[in-house]
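Starting from the structure of chain W, add chain B where the hints point.
Sequence lines, in order, name chains W and B. All the letters of the first sequence, read from the start, carry residue numbers 1 to 260 under my numbering. All the letters of the second sequence, read from the start, carry residue numbers 1 to 253 under my numbering.
No lab work stands behind these hints: they were computed from the structure. Please note that a few of the clues may not be correct.
[Stated by the list, open to error] Mimicking DSSO-like on lysine-lysine, the simulated pairs with C-alpha atoms at most 30 Å apart in a straight line are:
id	chain 1	residue 1	chain 2	residue 2
1	W	102	B	231
2	W	102	B	107
3	W	102	B	93
Owing to the predicted nature of the structure, the values given are computational and were not obtained by experimental measurement.
Here is how the chains run, residue by residue.
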Amino acid sequence: MEDCSGLMSFVESFEQLMRTSNTIAWTGFRLRNEGSYFGVLWYLFEPLFLFFVLLSLRPVFVKEAIPYYPVYLLTGIIIFNFFSKATHYSVSLFSRNASLLKSTNIARESLVFGGVLQFLFSHFFEFLLLLVVSLLFGITPGWFFWYLLVLVAFVFFICGCCFILCVLGVYFNDLDNLWSVFMRLLWFLTPIFYIPPNNSIFLFFNFFNPLFYFITLFRASILGQFLFETFFVVLFFGLFFFFVGILFFNLFKYRIVERI
Amino acid sequence: MDTHDTQFEASVVLHKVSKHFSREYTSSSFLRRLVSGYQNYSQIKVLDEVSMRIGKGKIIGIIGDNGSGKSTLLRTIAGVYRADSGSVFTYGKVIYLSGAGYGLKDKLTVRENIYYVCGLMGFSRRFIDAKLYTIVSFCGLWDFVDVKCYQLSRGMISRLNFSIAIHCLAHQNPDIILLDEALFIGGDAFFRREALAKLSYLISCGATVFIASHNLGFIRRYCSWTFWLDKGKIKMKGKSREVICAYLARLSE
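One chain only, chain W, in its complex shape:
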């Protein structure tokens, strides 16, 4: 009976956590483009403009022939966008919500989940764009299921990174700037708009770059070539980062409120 009540209480807490996260996510999502003329359409315009710029610069970056290059490029852009925006948002997450955290005892995890969920909503818009572009290039939407499967692992991975970054962001004010620089570096080192060269330094870096595996797998799944080995690698990255992130976050989650 005691076990049952423990389970019920866990389910109730989890439900409340999800409800709070959802509230934070929707509010953040709505407020991001509040008052702008195009509103939520900016979630489409932003990746679309970058897509057209990079597509027009293709002869500069890409000498080889890449099948379905526009789909290849757009997949890279939207996956990188999701990671970059969610992680950058989490760096200053607690300082932005200082008054809320000090005036209530809400689950601190809900701020992190809410942040990731907010960018998952905007990823949905970018996904629609990808769907349209892939249909235009004659790719049948049979890849949808595989895409979702990889997305689940990717969300776990992003949550883990955000858990770590939001704690570090409280202790190191410089992290906000450092993370911007790191994201810029990652943007150029990850094969988003070019084909990975056979360069040993590049290969060595990308061997440890989880984004490389995620983007490769997303692209393969869209083209109907699901790479099971790579899937296990990304699943490992997703779960590993998630659990390490949760553990790290739990170590500091009470201390961080005192620092903000």
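For chain B alone, coordinates are given in the frame of chain W:
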């Protein structure tokens, strides 16, 4: 309220609770500190071995000067902060209500803010739908329900904050209520009277209540027992009237 009565049913027990904070003095950069060797922070003891044992259903006042540790004490009981040493035990559901409000969003309307804050408190959308009318009516903002908050006056914002907080509190059915300067109610005299009546009703509903405030009149009226905090230590505890008299006597010295 300390007691050795074996029949005593405790609701909140604190045993030698201490809390330190690091305080920064200047905003000098890490590089400058590295070169000069100057430490720009120090440890401040905000709570110093605070012990208390409060029975169920008691209404306790916490008074003291600014920076005496009242808010830190309530936040430590609420679990917002963790004690550095000592132990805190609470029995039942704890709700912490701060006069600072829940961070309403300027760019959202009154209606959207109610959904936002109540959502943060964990209420379902259906529940908020049902309570929206009560919350808005209480703060008298029906004519402004779809107006963005940055267009409201400070008094209106304060009324909205209070109304959301008090209605959320009423429906969470807590065992322990911690009111941190929640008596700092904005708005006009009429609203203040209504708000105080609502608050008085809530704190007399059987939960254990802690009220940290500078409103000594309210504490004298509703709290049976009061703790006077001074520099993180309990300077005096006892019947509210006596503690408040001693506190006021100290002020007039």
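Q) Checked against the structure, which of the hints given earlier come out wrong? A) Structure breaks no hint.
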